[in-house]
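Can you make the complete structure from the sequences, with help from the hints?
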Amino acid sequence: MEFLRFGVVVFPGSNCDHDCFYVLNNVLKQDVKYIWHKEIEVRDVDCIVLPGGFSYGDYLRTGAIARFSPIMQGVIDFANKGGLVIGICNGFQILLEAGLLPGAMLRNKNVHFICKHVHIKLLNKNTPFTNLYKKDEVLKIPIAHNEGNYYIDEKGLKTLKENNQIVFQYCANPNGAADNIAGIINKEGNVLGMMPHPERSSEKELGSQDGLFIFKSIVEWVK
Amino acid sequence: MITSETYRSLGLTDKEYQKILSLLKREPTVTELAMFAAEWSEHCGYVSSRNLLKILPKTGKYKTLIGEDSGGIFVDDIAIIFKMESHNHPSQVEPKQGAATGVGGIIRDIFTAGARPIASLNSLRFGSLSEPYNKYLLQGVVDGIQFYGNCLGVPTIGGEIYFDESYNGNCLVNAMSIGIAKKNELAKACAFGEGNSIMYVGASTGRDGIGGCSVLASHEFSEGDAKRPTVQIGDPFMEKCLIEATLEILSTGYVLGIKDMGAAGLTCAVSEMASDGESGIDMELCNIPLREKHMEPWEIMVSESQARMLVCVKAGKEKAIKNIFSKWDLNAVTIGKVIKDKMVRIWDNGKILVEVKADILTKAPIYDMPYKKPEYMKKINNLDIDVVHEPSDYNIVLLNLLKSPSIASKEWVYEQYDHMIQLNTVVLPGSDAAVIRLKGTNKAIAATTDCNSRYCYLNPYRGAQIAVAEAARNLVCSGAEPASVTDCLNFGNPKKPDRYWQFKNCVQGITDACEFFDVSVASGNVSFYNENPAGAVYPTPAIGMIGIIDDINKVCTQYFKNEDDLIILLGISLEELGGSEYLKLVHELVRGDAPELDLKMERAVQLTTLEAIRDGLVNSAHDLSEGGLAVGLAECCMSNKEKLIGAVVDNLNFDIRTDALLFGESQSRIILSCAEKSLNQIKKIAKKHKTSLQVIGSTGGNRFIVSNNDNKLIDLSLEKLQDTWSNALRRDIDSSN
Amino acid sequence: MLKAKVYVNLKNTVVDPQGLATKNALKSLNYEREIEEVRVGKLIDIRLDMSDRKKAEQMIDEMCKKLLSNPTIEDYSFTLEEVE
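Protein chains in written order, with the numbering used here: chain A, 1 to 223; chain B, 1 to 737; chain C, 1 to 84.
Quick caveat, the hints were computed from the structure, so don't treat them as lab data. Take these hints with a grain of salt, some might be off.
Claimed, not checked - What follows is a list of derived Cβ distance ranges for each label pair:
1. 366(B) / 26(C): 31 to 41 angstroms
2. 5(A) / 327(B): 22 to 32 angstroms
3. 3(A) / 50(B): 18 to 28 angstroms
4. 47(C) / 74(B): 50 to 60 angstroms
5. 326(B) / 156(A): 38 to 48 angstroms
6. 34(C) / 116(A): 32 to 42 angstroms
7. 717(B) / 34(C): 20 to 30 angstroms
8. 156(A) / 27(C): 49 to 59 angstroms
9. 5(A) / 31(C): 41 to 51 angstroms
10. 562(B) / 137(A): 18 to 28 angstroms
11. 248(B) / 5(A): 17 to 27 angstroms
12. 552(B) / 222(A): 30 to 40 angstroms
13. 34(C) / 734(B): 16 to 26 angstroms
14. 116(A) / 29(C): 27 to 37 angstroms
Said to hold, decoys possible - Quick list of in silico lysine-lysine cross-link-like pairs, BS3-like style, CA-CA up to 30 angstroms:
15. 293(B) / 109(A)
16. 33(A) / 293(B)
17. 54(C) / 187(A)
18. 109(A) / 3(C)
19. 29(A) / 690(B)
20. 81(A) / 66(C)
21. 183(B) / 317(B)
22. 23(C) / 403(B)
23. 293(B) / 11(C)
24. 690(B) / 561(B)
25. 322(B) / 33(A)
26. 29(A) / 720(B)
27. 161(A) / 27(C)
28. 363(B) / 134(A)
29. 158(A) / 11(C)
30. 204(A) / 561(B)
31. 410(B) / 109(A)
32. 121(A) / 643(B)
33. 116(A) / 443(B)
34. 327(B) / 66(C)
35. 38(A) / 42(C)
36. 204(A) / 327(B)
37. 66(C) / 116(A)
38. 3(C) / 187(A)
39. 29(A) / 554(B)
40. 204(A) / 641(B)
Beta carbons: idealized from backbone N, C-alpha and C, even for Gly.
This is the structure in structure tokens:
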């Protein structure tokens, strides 16, 4: 296979869709297409990206309305068949609402939107999304969110830990997230949700390339 | 029957009403009257300012485009469209929604020109933070800007915030937006071609902002709470969809003209599209999507509901346009057509309501306003520097300056703005100017907003010149060539001759400085009636300036990069304290004249800096402004949070007072740092441009030390400096909450 | 016509950052002593074009479970009343 086929889902209010497209297409030189949220089936892609943004204005509850977009049944089917799905920021929130990942998002502890570079520590490098990193590597990747305060009950947290599902932890907790969680994966290991934006740290000019290896890892894995 | 009470309450004068009667040769209908009142208001018609604004330069070194609702410049085949606009009074009443809709409005001006918005900036002024209401305003305005901009996905990359008692009761919220388009993708804001359709797209019409246009913006501000019902509510989600749908319809080639329904809503859009297209529009009100029941026709015509636009579409292509809008779940309905005679004709269920020549509506009267030098100037322009005592401890003065909210780090603010989205922000907020790259090219845009209004208060003409010079200096420090300006002119009541004198002199100052630097004024906005019971706010001609960086690898930032670099001061430090933050903060004086400004010297300093950056000789460049040399140097040491670098400044040898040396705000000065081996080449460049250059010290260590003849003036640890500067604003805000 | 008022609140076991911030703000307005706790929730009004109360209750309950609340972090309750 020469190129990987990525599908970036566009919900009304998505606003990192172009950024993800740009990095996958212009930086990583892979095959990318947009998938409109009104489509009902996912076809001809190797990996689905649920991008960041404010799907449906974050109205009612972040990710809650997008979760009922027609495409989400397609995404769920795709994931259940083992397809790779990565949800970034709002995409992570949608995966939580859709039940593809456990837990929920609360407002940031300081009740403000936070946009800044943060450092996150890699806890699990044996995933399709992180296989190119070094063990325990610390990455510099920006966050930009209002609701990144990850919540899960104690039992759920225990399960996450037992199954090695916590993929990234903040080195300094910016938002109040339980157990410093910045990103988790499902039990099966094919659906990743993360609050930091790897597409924003994929080029030298933007101050960090640490995020690029997530996308590169995906390409490596599928190949 | 229209009474004098009716038209007066709409803001029209007796004379203006007589003019309407003679133009129409009959009594206007209520709807027509409301439309005249809206179009002829200060806000839409620029009746007191248009005569003066004519002198602003429309050309400069970059080819300039002056559009109907925005302007821009061309760089190769890219059009960079930008504009700044005020939303002061709405923000004073309801800060979150006021600021949010201000951002929304300016961004609509950008994308209706056919450009994709790629960055926002702002220029904000508040009264003292010791007043709880001002704290509420600051928090609300920042919340509104983040709420709207973040959701839209347009990065807020820079801005400025100042605090002064003069803004008590009348904050200033000026929002600027920048967009880019291919040269041939630009859209016009006019309607033409008989038989083509006029479509209404976007949100439904409600009673938002009814009267906001002529009543809210044209009266001095005192009874805030009573006017709350006219506040507009922003819906960034809707506007995000509108951006995508609009850029999509513009790419079809079926759109002949498009205009945002901003101030005065439908009235302004219909009459100006017709007038600018030298045609007429015939339209029916009953097709307009309404959000509220029983709206009167005049209410529909002047409603300022957000996120609506009027589009002129090629006949027969309405369906294609409609399909794109339904894809985004937005309204798009045909409400009229272009007609040959230059009339605005409006029907309500087949009944004629309005029949007026388009350019009668749009040609608002223009007034020459009387002006007179303000009395206060005589009193305050004299400053006897000898009665100002030198402080005993310069460390304390420096820390107090770094703590003052106008100088303190604005991290608390810009961390709430998504400043990285769209993957272009090469220099993040916190340096002299923000830099965004132009994808697909090797170029970048630098942008800044600037205005020291205390200088403008002391000397309107020179203060405005300094605002332009300093904006250019900020850009140069990032490695950019200053290219073009958008101005947002915030003044008091123009009917008062002393206020108008300030306005006139500021406009002249901007004009002369822009002409000197050969930069155009591509767009702008005027906001009058910024007053509180104590008088007018300081004259605040906010300057938004963009610059071009030809090689993205030659971008510069303000903070020191390495240990053992040399620190260079370009420019001359005079013994002047007038208008300085130091004088205000330490001696509680707002006196004297604004700092001297020699435009030739300013240009020499800028050319030296730019050439040195482009030749790769410089590791950092920072402009000196509020707080002077000491504050500027401290910022160089600590504005990169990840890597603080100390400095030892021990070669000052200036023959002026110590406080003026450390905290005076002499213009045309820039701090550079460089490796020792680059010094000779930088000296050569400085000599070529006849710029004064002095090596004043070197970087390194973990303290910031300034000494004069072995006498330590300042000696502080970087941790202390950083903690004071970067947490001051947060502490101020949290102090009583 | 029936009107439902749906209340959605964070569960008591879940930290409520908005509630905490509001509580601190109220305290600074001199309600220091009286305030014990503040929780911020949502009120959603739904007008139903139907008269069968039982059916309506079932339907609203379903809406709450599906969309209006997130059972991981939120509780809901609602009232139904006749309206014109």
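To see whether the hints hold, each was checked on the structure:
The supplied range of 31 to 41 angstroms is broken by residue 366(B) and residue 26(C), whose beta-carbon atoms lie about 52 angstroms from each other. At about 24 angstroms, the beta-carbon gap between residue 5(A) and residue 327(B) stays in the expected band of 22 to 32 angstroms. Restraint check, residue 3(A) to residue 50(B): a C-beta distance of roughly 57 angstroms breaks the suggested window 18 to 28 angstroms. Remark: the range hint 50 to 60 angstroms for residue 47(C) to residue 74(B) is upheld by a beta-carbon distance near 54 angstroms.
The hinted window of 38 to 48 angstroms between residue 326(B) and residue 156(A) holds, with their beta carbons roughly 41 angstroms apart. Checked against the hint of 32 to 42 angstroms, the pair residue 34(C) and residue 116(A) passes, with Cβ atoms roughly 37 angstroms apart. Checked against the hint of 20 to 30 angstroms, the C-beta distance between residue 717(B) and residue 34(C) comes to roughly 44 angstroms, which is inconsistent with it. The hinted window of 49 to 59 angstroms between residue 156(A) and residue 27(C) is violated, with their beta carbons roughly 33 angstroms apart.
About 58 angstroms separates the C-beta atoms of residue 5(A) and residue 31(C), a value inconsistent with the hinted range of 41 to 51 angstroms. At roughly 27 angstroms, the beta carbons of residue 562(B) and residue 137(A) sit within the given window of 18 to 28 angstroms. Under the hint 17 to 27 angstroms, the C-beta atoms of residue 248(B) and residue 5(A), about 24 angstroms apart, fit the expected range. A C-beta distance of roughly 33 angstroms is found between residue 552(B) and residue 222(A), which places it inside the suggested range of 30 to 40 angstroms.
At about 22 angstroms, the beta-carbon gap between residue 34(C) and residue 734(B) stays in the expected band of 16 to 26 angstroms. A hinted range of 27 to 37 angstroms for the beta carbons of residue 116(A) and residue 29(C) is consistent with their spacing of about 31 angstroms. Using a Cα cut-off of 30 angstroms, the hinted pair residue 293(B) and residue 109(A) is violated, with the two alpha carbons roughly 41 angstroms apart. Taking the CA atoms of residue 33(A) and residue 293(B), the gap is near 43 angstroms; set against the 30 angstroms cutoff, the hint is violated.
At roughly 40 angstroms between alpha-carbon atoms, residue 54(C) and residue 187(A) are farther apart than 30 angstroms, so this suggested pair is violated. For the proposed pair residue 109(A) and residue 3(C), the alpha carbon gap of about 35 angstroms is over 30 angstroms, so the pair is violated. The suggested pairing of residue 29(A) with residue 690(B) is violated, with an alpha-carbon distance near 49 angstroms, which exceeds 30 angstroms. Pair hint residue 81(A) plus residue 66(C) holds up; C-alpha atoms about 24 angstroms apart against a cutoff of 30 angstroms.
A C-alpha spacing of about 24 angstroms is found between residue 183(B) and residue 317(B), which places the hinted pair at or below 30 angstroms, so the restraint holds. Among the hinted pairs, residue 23(C) with residue 403(B) is consistent with the structure: their alpha-carbon atoms are about 28 angstroms apart, no more than 30 angstroms. A distance of roughly 39 angstroms separates the Cα atoms of residue 293(B) and residue 11(C); the hinted pair therefore is violated under the 30 angstroms criterion. For the suggested pair residue 690(B) and residue 561(B), the alpha carbons sit about 27 angstroms apart, so the restraint of at most 30 angstroms is met.
Taken as a hint, the residue 322(B) and residue 33(A) pair is honoured in the structure, with Cα atoms around 25 angstroms apart against an allowance of 30 angstroms. About 47 angstroms separates the Cα atoms of residue 29(A) and residue 720(B), which puts this hinted pair outside 30 angstroms; it is violated. The suggested pairing of residue 161(A) with residue 27(C) is violated, with an alpha-carbon distance near 39 angstroms, which exceeds 30 angstroms. The hinted pair formed by residue 363(B) and residue 134(A) fails the criterion: a straight-line CA distance of about 68 angstroms is larger than 30 angstroms.
Of the supplied pair hints, the one linking residue 158(A) and residue 11(C) holds, its CA atoms being roughly 20 angstroms apart against a limit of 30 angstroms. About 17 angstroms separates the Cα atoms of residue 204(A) and residue 561(B), which keeps this hinted pair within 30 angstroms; it holds. Our distance criterion of 30 angstroms between C-alpha atoms is met by residue 410(B) and residue 109(A), whose separation comes to about 20 angstroms. Our distance criterion of 30 angstroms between C-alpha atoms is met by residue 121(A) and residue 643(B), whose separation comes to about 21 angstroms.
Restraint check for residue 116(A) and residue 443(B): the C-alpha separation of about 25 angstroms stays at or below 30 angstroms, so the hint holds. As the CA atoms of residue 327(B) and residue 66(C) are separated by approximately 25 angstroms, the hinted pair is consistent with the 30 angstroms bound. Between residue 38(A) and residue 42(C) the CA atoms are separated by roughly 28 angstroms; this keeps the pair inside 30 angstroms, and the hint holds. For the hint linking residue 204(A) to residue 327(B), the alpha-carbon distance of about 37 angstroms lies beyond 30 angstroms, and the restraint is violated.
The straight-line distance between the Cα atoms of residue 66(C) and residue 116(A) is roughly 34 angstroms, outside the 30 angstroms bound, and the hint therefore fails. Distance restraint check for residue 3(C) and residue 187(A): the Cα-Cα separation of roughly 42 angstroms exceeds the 30 angstroms cut-off, and the hinted pair is therefore not satisfied. The hinted pair formed by residue 29(A) and residue 554(B) meets the criterion: a straight-line CA distance of about 26 angstroms does not exceed 30 angstroms. In summary, the hint linking residue 204(A) to residue 641(B) is supported, as the alpha carbons are separated by about 19 angstroms, within the 30 angstroms threshold.
In terms of the numbered hints stated before, the structure departs from hints 1, 3, 7, 8, 9, 15, 16, 17, 18, 19, 23, 26, 27, 28, 36, 37, 38, listed from lowest to highest.
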